[in-house]
Amino acid sequence: MEKSTVFNNRLLPYLLLLPQLIITVVFFYWPASQAVWQSFLREDAFGLVSEFVGLENYTTLFAQPEYYKAMIVTVVFSTLVAGLSLSIALLFATQADKNLKAAGPYKTLLIWPYAVAPAVAGVLWFFMFQPSLGMLSRPLRGMGIDWNPLLNGNHAMALVVMAAVWKQISYNFLFFLAGLQSIPRSVIEAGAIDGARPMRRFWTIIFPLLSPTTFFLLVVNIVYVFFDTFGIIDAVTGGGPAGATTTLVYKVYADGRLGGDLGGSAAQSVVLMIIVIALTAIQFRYVERKVQY
Amino acid sequence: MANVTLRNVRKTYPGGFEAIKGIDFEVGDGQFCVLVGPSGCGKSTLLRMVAGLETITGGQIDIGGRVVNEVEPADRDIAMVFQNYALYPHMSVYNNMAYGLRNRGMAEAEIKTRVSEAARILELSTMLERKPRQLSGGQRQRVAMGRAIVRQPKAFLFDEPLSNLDAKLRIAMRVEIRKLQRRLSTTSIYVTHDQLEAMTLADILVVMNAGVVEQIGNPLDIYQKPATTFVASFIGAPPMNLMPLQSDELKSQLPASEAGILGIRPEDFVITNENVAGGVALGLTVEAIEKVGAETFVYGSRQNVAQGVAANPGDLPPGEVIVRVPGAVGPAIGERIRAVAARDKLHLFSADGRKRVEI
Amino acid sequence: MVEHRPLSDFIAYAILTLGILIVAFPVWLAFVASTHDAATVVGGHMPATPGSQALENYYRAVFVGGSRTSREPVANMLINSFVSAIGIALGKIFISILSAYAVVYFRFPFRKTAFWIIFITLMLPVEVRIYPTYKVVADLKMLDTYAGLVLPLIASATGTLLFRQFFMTVPDELLEASRIDGAGPFRFFKDTLLPLSVTTMAALFVIQFIYGWNQYLWPLLITTKDSMQTIVIGIKKMLVSQDELAEWQLAMATAVLAMLPPVAVVIFMQRLFVRGLVQTEK
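Protein chains in written order, with this note's numbering: chain P, 1 to 293; chain V, 1001 to 1359; chain D, 2001 to 2282.
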């Protein structure tokens, strides 16, 4: 789609674009290409000499058990958070869609967690489940669970998952609700007249028609887990205990803090870049092509 | 027996708006009933109440002898054709038609038989695997009807199904619907705002206005003997000329009666200088002419009567009269003519327009 | 729901109310904790209702800072957060409306290339390129500055895409009428396009403000001085020992303060917020 009427100035458009292009080049392309370049180098211990080592950084990376662990953590984390937050959000959205009179206020009251910073969300949940003073730790202990996210990797993961799901529900809820409300009511009525009860209607008509939204949210949720959960993890567990909550992004950060392996850190960044590009590409290709009515 | 009976049906929305103010009528088994009226008169609401998509505030609706007030749409054994077809976008034409049957647990083999038969009648057999977005408007409409037919329900409900089609297609589909309904002999209720559709399709015509029924009957009876000025001006196009009985010209020609309004259809006028016993003659100055080929419509202003602006948009301005002349030859603009209507073509109504008065 | 089943409606209300309670619970608890004294909070038997220490806790948190480590008073951190959030929001609006204007309303060589250059930035959030970007910022001597906090985060294309989408819906006739009236690009932009874009700008502002306010990883990396911290990082640092000796009631007070501005924005500008969210994701 193009505008048919345009201005013909020669210099002006470039000037208009300049601010964004400068910022983009300086803070995006330059660092990104640096990262790619550095991933093929190795520095010596003093950071003085670099040599080109080809894909060696990558092979070393993929041979590290910690890297695989981080990958597994990231995958498990994504699956749990995406699965839980999508299901819960869908449940809320379907209830809110039922033409309830008070739906407006309910909607407002459900979407505000989007505004809470992930790090703050992490702090809140940590406060609730802190082993000794957390209000919800007591009932857990009462049930016989030796609740300690500071020591137990699974508990740490559970806590981080809960915080992430809590925050992500509102975003998913908004989009699911919009998706539900875009299904023409007459199609649902036709289903009712055709003898389908509410549950059957949901699975045979509503859910299939919601699939573009669901797919879109799935990709967004996965990207969210990959990146935006950094704040939660850092606030709650610092990646521990023993790497139990270290995702790929967190590993880049943590390894960089320790200093030293610039090449390896860059290689990790590049791998992440490739994953994101792949996810975004999938999203564009499949979501844009889906059912329109 | 699949007749549909409405007894004193009312609907009031929360907030107080009374959409349906007490409606009674019966549609016999196999009859085609049309609900016609302007936008907002409540006809769609009434249809949806029969379908179960709107609640009934008062009164009773029977389908096939069974009171269905509290029965859910799925259990009323009715089928509906929506204005925008409401096809399931993600299902093929075949599955759109099979869906209702599958919900009732019918065997696949029998589903196949019924769907194929319906597809054959509606000329959809080559399109069974397509999705709705690959079909034209007319084709989608037929799929919507196919979905209704395969269910073999007690009644068909049509909610302005032809409104979204272009004019030519509308006429063709109108005939198809009627033929189909005759063939299947299913009781049908059809909602439209188009009076021509109403006249051509109905066995029973129900003219509605603002939540009440103005008149029920056979289309021709309604056309020939409208019960109120609303029905008189709604049915028939161009609309009937309605003139208050105030001017000397009219009062001198009509016997004294309690009537307040005189109605004469454009097609009942003859332009002539002869006298017609007992009839009414109007002197008109021709203001405009419309030649449509087979007939000509003459817009004339009455002499000695005040001209003005129409009270409602769409009405004729007071003092203006339409006369239909067959053929393509008519008077010239500015010409003075004399339009005469015979006594048996006169319609008299009370001053408030709510009652028909016999001459 | 087509059928009228009161039980189903009741269940819906119940589920939604439960949802709201679950969603609100952690925040409620934080608020309660911020109103009690340290001993109650830490003792492990904090009640579920607010206490009476609210004023004192908030005063200490905002103006005094904690006593355990040399922490900044929250007031400073709030200011930092405000400046950086508003900077990011305004900065993004500024550069992207100009770029979108250039790309949509002008023809020039490399127009498409320029657009793609900007568009690709969508694909890589800052977390993927943290260390190289850090190096660039350090080299430019922008560590511990507002510029360093803001500039790298306005690089992405969401704003440009949003404005471009919007400009496409503006009828050509407006531009044609303007040109006939003798307006050049500046006048057209100032007198016609800008007023029309106000709601889009507001929607973008809301989303970007929240985004900027809630930034964590980037400010963490580039601020070394406590005085430049944002409030979101500040909270984490209060819990640095992750044990119950941290001053939880102050941390919770800080958390509440950290949540207030963005949440207020979402609640009071809900329509703009939803619109911005839905449009930027397309």
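Derived by calculation from the structure, the hints in this document are not laboratory data.
Please read these numbers as outputs of a predicted model, since none were measured by experiment.
Don't take every hint at face value.
Straight-line C-alpha distance at most 30 angstroms; calculated DSS-like pairs for lysine-lysine [as the list claims (entries may be wrong)]:
#: 1; chain 1: V; residue 1: LYS1345; chain 2: V; residue 2: LYS1355
#: 2; chain 1: D; residue 1: LYS2237; chain 2: D; residue 2: LYS2225
#: 3; chain 1: V; residue 1: LYS1131; chain 2: V; residue 2: LYS1112
#: 4; chain 1: V; residue 1: LYS1179; chain 2: P; residue 2: LYS98
#: 5; chain 1: D; residue 1: LYS2225; chain 2: D; residue 2: LYS2112
#: 6; chain 1: V; residue 1: LYS1251; chain 2: V; residue 2: LYS1179
#: 7; chain 1: P; residue 1: LYS98; chain 2: V; residue 2: LYS1021
#: 8; chain 1: V; residue 1: LYS1291; chain 2: V; residue 2: LYS1355
#: 9; chain 1: D; residue 1: LYS2135; chain 2: D; residue 2: LYS2190
#: 10; chain 1: V; residue 1: LYS1021; chain 2: V; residue 2: LYS1251
#: 11; chain 1: V; residue 1: LYS1112; chain 2: V; residue 2: LYS1179
#: 12; chain 1: P; residue 1: LYS69; chain 2: D; residue 2: LYS2190
#: 13; chain 1: P; residue 1: LYS69; chain 2: D; residue 2: LYS2141
#: 14; chain 1: D; residue 1: LYS2237; chain 2: D; residue 2: LYS2112
#: 15; chain 1: V; residue 1: LYS1225; chain 2: V; residue 2: LYS1345
#: 16; chain 1: D; residue 1: LYS2112; chain 2: P; residue 2: LYS3
#: 17; chain 1: V; residue 1: LYS1168; chain 2: V; residue 2: LYS1131
#: 18; chain 1: P; residue 1: LYS3; chain 2: D; residue 2: LYS2237
Results for each hint:
Note on LYS1345(V) and LYS1355(V): the hinted pairing holds, with a Cα-Cα distance of about 17 angstroms set against a maximum of 30 angstroms. With a CA separation close to 12 angstroms, the supplied pair LYS2237(D) and LYS2225(D) stays within the 30 angstroms bound. The suggested pairing of LYS1131(V) with LYS1112(V) holds, with an alpha-carbon distance near 18 angstroms, which does not exceed 30 angstroms. Under the criterion of a C-alpha separation no larger than 30 angstroms, the hint pairing LYS1179(V) with LYS98(P) is inconsistent with the structure, at around 40 angstroms.
Distance hint between LYS2225(D) and LYS2112(D) is unfulfilled; the C-alpha atoms sit about 42 angstroms from each other, more than 30 angstroms. Annotation: proposed proximity of LYS1251(V) to LYS1179(V) is violated, straight-line Cα distance about 48 angstroms (limit 30 angstroms). Our distance criterion of 30 angstroms between C-alpha atoms is met by LYS98(P) and LYS1021(V), whose separation comes to about 28 angstroms. For the proposed pair LYS1291(V) and LYS1355(V), the alpha carbon gap of about 34 angstroms is over 30 angstroms, so the pair is violated.
A distance of roughly 38 angstroms separates the Cα atoms of LYS2135(D) and LYS2190(D); the hinted pair therefore is violated under the 30 angstroms criterion. Only pairs whose Cα atoms come within 30 angstroms are accepted, and LYS1021(V) paired with LYS1251(V) is rejected, the gap being roughly 37 angstroms. Simply put, LYS1112(V) and LYS1179(V) have alpha-carbon atoms about 24 angstroms apart, close enough for the 30 angstroms limit, and the pair holds. Annotation: proposed proximity of LYS69(P) to LYS2190(D) is violated, straight-line Cα distance about 55 angstroms (limit 30 angstroms).
With a C-alpha separation of about 36 angstroms, the suggested pairing of LYS69(P) with LYS2141(D) is violated against the 30 angstroms cut-off. Between the alpha carbons of LYS2237(D) and LYS2112(D) the distance comes to roughly 45 angstroms, so the proposed pair goes past 30 angstroms and is violated. Proposed proximity of LYS1225(V) and LYS1345(V) is supported: the alpha carbons are some 10 angstroms apart, at most 30 angstroms. Between LYS2112(D) and LYS3(P) the alpha-carbon distance is near 14 angstroms, which keeps this suggested pair within the 30 angstroms criterion.
For the given pair, LYS1168(V) sits about 25 angstroms from LYS1131(V) by alpha-carbon distance, which is consistent with the 30 angstroms threshold. Using a Cα cut-off of 30 angstroms, the hinted pair LYS3(P) and LYS2237(D) is violated, with the two alpha carbons roughly 51 angstroms apart.
The structure shown violates the earlier hints numbered 4, 5, 6, 8, 9, 10, 12, 13, 14, 18.
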